[in-house]
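Hey, can you work out the whole structure from these sequences and the hints?
Protein sequence lines, in the order shown, are assigned to chains A and B. Mapping of the first sequence onto the working numbering: position 103 corresponds to residue 103, and the numbering continues sequentially without gaps. Mapping of the second sequence onto the working numbering: position 280 corresponds to residue 280, and the numbering continues sequentially without gaps.
Take the hints with a grain of salt, since some may be wrong.
[As the list claims (entries may be wrong)] Okay, the calculated beta carbon distance ranges per label pair:
| # | chain 1 | residue 1 | chain 2 | residue 2 | range |
| --- | --- | --- | --- | --- | --- |
| 1 | A | Met116 | B | Gln267 | 36 to 46 Å |
| 2 | A | Gly25 | B | Arg146 | 26 to 36 Å |
| 3 | B | Asp125 | A | Met116 | 56 to 66 Å |
| 4 | B | Thr281 | A | Asp207 | 25 to 35 Å |
[Said to hold, decoys possible] Here are a few chain B residues that sit away from chain A, every Cβ distance over 10 Å (derived from the structure):
| # | residue |
| --- | --- |
| 5 | Arg75 |
| 6 | Thr83 |
| 7 | Thr102 |
| 8 | Asp144 |
| 9 | Lys175 |
| 10 | Thr189 |
| 11 | Arg203 |
| 12 | Lys204 |
| 13 | Arg261 |
| 14 | Pro305 |
| 15 | Ala331 |
Keep in mind the hints are simulated off the structure, nothing from the lab. C-beta atoms are modelled at their ideal positions from N, C-alpha and C, and glycine is treated no differently.
One letter stands for each residue in the lines below.
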Amino acid sequence: MTVSTADRPLLEVKGLAMHFPISEGIVLSRKVGEVKAVDGIDFAIGRGETLGLVGESGCGKTTTGRCILRLERPTAGQILFDGQDVSGLSSSELVGLRRRMQVIFQDPYSSLNPRMKVGDIVAEPIKVHGVERNPARRRTRVDELLSMCGLDPKFADRYPHEMSGGQRQRVGIARALALEPEFIVCDEAVSALDVSIQAQVVNLLEDLRERLGLTYLFIAHDLSVVRHLCQRVAVMYLGRIVEMAASDELFDHPLHPYTQALLSAVPIPDPRVEAGRAFRPPRGEVPSPINPPTGCVFHPRCPMAVEACKRTRPKLRELRPGHWVACDEVH
Amino acid sequence: MPPLLEVKGLHTEFRTGAGLVRAVDGVSYTVEHGETVAVVGESGSGKSVGALSILRLIADPPGRITAGEILFDGRDLLRLSETEMRKVRGRDIGMVFQEPMTSLNPVLTIGRQITETLEEHQGADRVTAERRALELLEMVGIADPRRRLRQYPHQLSGGMRQRVMIAIALACNPKLIIADEPTTALDVTIQAQILELMKSLTRKLGVAQIIITHNLGVVARYASRVNVMYAGRIVEAGPAEAIYHRPRHPYTMALLRSVPRLDRPRQARLDPVEGQPPDLTRLDGGCAFRPRCRFAVERCGETRPTLEATSDAGHLAACFRSAELAAEEAAA
Numbered sequence: 001m002t003v004s005t006a007d008r009p010l011l012e013v014k015g016l017a018m019h020f021p022i023s024e025g026i027v028l029s030r031k032v033g034e035v036k037a038v039d040g041i042d043f044a045i046g047r048g049e050t051l052g053l054v055g056e057s058g059c060g061k062t063t064t065g066r067c068i069l070r071l072e073r074p075t076a077g078q079i080l081f082d083g084q085d086v087s088g089l090s091s092s093e094l095v096g097l098r099r100r101m102q103v104i105f106q107d108p109y110s111s112l113n114p115r116m117k118v119g120d121i122v123a124e125p126i127k128v129h130g131v132e133r134n135p136a137r138r139r140t141r142v143d144e145l146l147s148m149c150g151l152d153p154k155f156a157d158r159y160p161h162e163m164s165g166g167q168r169q170r171v172g173i174a175r176a177l178a179l180e181p182e183f184i185v186c187d188e189a190v191s192a193l194d195v196s197i198q199a200q201v202v203n204l205l206e207d208l209r210e211r212l213g214l215t216y217l218f219i220a221h222d223l224s225v226v227r228h229l230c231q232r233v234a235v236m237y238l239g240r241i242v243e244m245a246a247s248d249e250l251f252d253h254p255l256h257p258y259t260q261a262l263l264s265a266v267p268i269p270d271p272r273v274e275a276g277r278a279f280r281p282p283r284g285e286v287p288s289p290i291n292p293p294t295g296c297v298f299h300p301r302c303p304m305a306v307e308a309c310k311r312t313r314p315k316l317r318e319l320r321p322g323h324w325v326a327c328d329e330v331h
Numbered sequence: 001m002p003p004l005l006e007v008k009g010l011h012t013e014f015r016t017g018a019g020l021v022r023a024v025d026g027v028s029y030t031v032e033h034g035e036t037v038a039v040v041g042e043s044g045s046g047k048s049v050g051a052l053s054i055l056r057l058i059a060d061p062p063g064r065i066t067a068g069e070i071l072f073d074g075r076d077l078l079r080l081s082e083t084e085m086r087k088v089r090g091r092d093i094g095m096v097f098q099e100p101m102t103s104l105n106p107v108l109t110i111g112r113q114i115t116e117t118l119e120e121h122q123g124a125d126r127v128t129a130e131r132r133a134l135e136l137l138e139m140v141g142i143a144d145p146r147r148r149l150r151q152y153p154h155q156l157s158g159g160m161r162q163r164v165m166i167a168i169a170l171a172c173n174p175k176l177i178i179a180d181e182p183t184t185a186l187d188v189t190i191q192a193q194i195l196e197l198m199k200s201l202t203r204k205l206g207v208a209q210i211i212i213t214h215n216l217g218v219v220a221r222y223a224s225r226v227n228v229m230y231a232g233r234i235v236e237a238g239p240a241e242a243i244y245h246r247p248r249h250p251y252t253m254a255l256l257r258s259v260p261r262l263d264r265p266r267q268a269r270l271d272p273v274e275g276q277p278p279d280l281t282r283l284d285g286g287c288a289f290r291p292r293c294r295f296a297v298e299r300c301g302e303t304r305p306t307l308e309a310t311s312d313a314g315h316l317a318a319c320f321r322s323a324e325l326a327a328e329e330a331a332a
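Below is the structure:
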């Protein structure tokens, strides 16, 4: 697989799978099935690159992020972070990894402890990891982090409820940066924000990436934000990657019928453009990941499906340089 | 013909620990028979409270409608008794809310929730109501409706639950549907299906709609007229085409500029609306958008501008400088 940097990619995911068991019975619990949240995916992210991971609810994008962060232990596959396989590390072995990998969550309301002052929230990781034991110097560092995220250091003495959604998300970002990580998983990091605030936070994430040389996995369902922020994009459907390409290539020449459906469903904020658009919403709904369709998982909703799609699972193929598609009907 | 709905000088307040919040602060607009009006705004702009006020669904305390008239089909809804109002809700005005899981009753079957509405408002007997429920589910595109009627909300997907909500909203042939963020909780392909369904059904049945949303794309796709709200007031109103192509209020201009668009080349940087959303407990006598406005002048701090006509027909803006901004744009 090609990666934008010549070096070894910072993150390489190989054959990642996460299957959650479904149990029945309380006393004599037994496994009756499994949810294949992530079902064998491969991708890599180069240093300083932002990879967008898009798809609808239940496609496995968040679970993928959680596996990489090792908040879940994957069922199968390898997660190579800077060359080291972290997929099987024990919780004590993970401590070092946590400093290098951080996360920004969607909801700035529930991801900050309401009883802690902003300064303590941001200082917490520094304290826990014993990076700076001197309280005065820790305070200086917190002020620095807050200013870096566009917040006045005086916010350190406030509680999250005294701040707006956008300001809270900046606190969440400052906390993620506290340990000087190299890699950040942004899980719907701007989705809960008001439209007028979203652009501010997107710009902040871009500035920080450039200034600190960060690498992002940007998980989101808002395709226009993803196109703006990401160099490459992977589209997931029912636990699998169906298409992956450089951002401009993917949005200008989507090849997979699912990506095409997804893009045509996004309304453009312009009544003239909308009036002139031929528009067919994709039919049906996403099937259950407990009992996914055979062959290509998209075939029941696909306008291009043929008999063979019901039998064989299409592999990701590189149809154009750097443009990977899992569909046997596009050439 | 008089408009179907005429909201005049509506004020809704909330008494909170932090002080008095004028969530809706003098809002007036009309909805014609069969038309779709979008109310756009961010959290705290008063768009949902305004819609709930029409239905008189404001919890008192802490909320209260303190002034205004809501003329619906010739009657002032604010003067009706609670019993009369119950007949309006669900019969004359249908409702679709954001979260279908919380607005459907989890312990009643889908069928029962539809027939209940029909029995309550139209005095239908059980058999007629069931036949109509089946028809309604077919109309909103639910496959295998006979089986679905016997199921409970948790057995349906989010998109299907929203289809059921639409079926209930349409059950009594209302004249108006108020949809508060009807697709915000849904995935984009399902959002597209649901909006397409609402659009075709309301057209076919001649039902007027008020769609409340923060999504500028949804508005562009579906509404003929738009009200833009900020800090409890309508700051700009007019035909969708005019609002998107000749915005006359700096907030609308900034909002439209700040969203990345899939149909345009990628920008180097987004152009955000600077500053923070307004704190409604601390508004002064000036324009509420002033602290974030790049065109603000001294006068904006002294009085709050009212909605005034612009050079476009039916296009209003509440900004002292809107004529000036229009002239500048024309010159450029």
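How the hints compare with the structure:
Checked against the hint of 36 to 46 Å, the pair Met116 of chain A and Gln267 of chain B passes, with Cβ atoms roughly 37 Å apart. With their beta carbons about 32 Å apart, Gly25 of chain A and Arg146 of chain B fall inside the hinted range of 26 to 36 Å. Evaluation of the 56 to 66 Å hint for Asp125 of chain B and Met116 of chain A yields a pass: the beta carbon distance comes to about 59 Å. Between Thr281 of chain B and Asp207 of chain A, the C-beta spacing of about 32 Å keeps the proposed range 25 to 35 Å intact.
Non-interface status of Arg75 of chain B relative to chain A is upheld: no Cβ of that chain comes within 10 Å, the nearest being about 33 Å off. Residue placement check: Thr83 of chain B keeps its beta carbon more than 10 Å from all beta carbons of chain A (closest about 39 Å). Thr102 of chain B, annotated as away from the interface, keeps every beta carbon of chain A farther than 10 Å; the closest lies near 17 Å. Distance check on Asp144 of chain B: its Cβ is at least 13 Å (rounded) from any Cβ of chain A, clearing the 10 Å threshold; non-interface status holds.
At roughly 25 Å from the closest C-beta of chain A, the C-beta of Lys175 of chain B stays outside 10 Å, upholding its exclusion from the interface. Under the 10 Å C-beta cut-off, the non-interface status given to Thr189 of chain B relative to chain A is violated; the minimum distance is some 5 Å. Distance check for Arg203 of chain B against chain A: the nearest CB is about 15 Å away, which clears 10 Å, and the non-interface claim stands. No beta-carbon of chain A comes within 10 Å of the beta-carbon of Lys204 of chain B; the shortest separation is about 17 Å.
With a cut of 10 Å on Cβ distances, Arg261 of chain B falls inside the contact zone with chain A, its closest approach being about 6 Å. Listed as outside the interface, Pro305 of chain B is consistent with that label: its C-beta sits roughly 19 Å from the nearest C-beta of chain A, beyond the 10 Å cut-off. A cut-off of 10 Å between C-beta atoms confirms that Ala331 of chain B is not in contact with chain A; the least separation is 23 Å.
In this structure, the earlier hints numbered 10 and 13 are contradicted, and the remaining ones agree with it.
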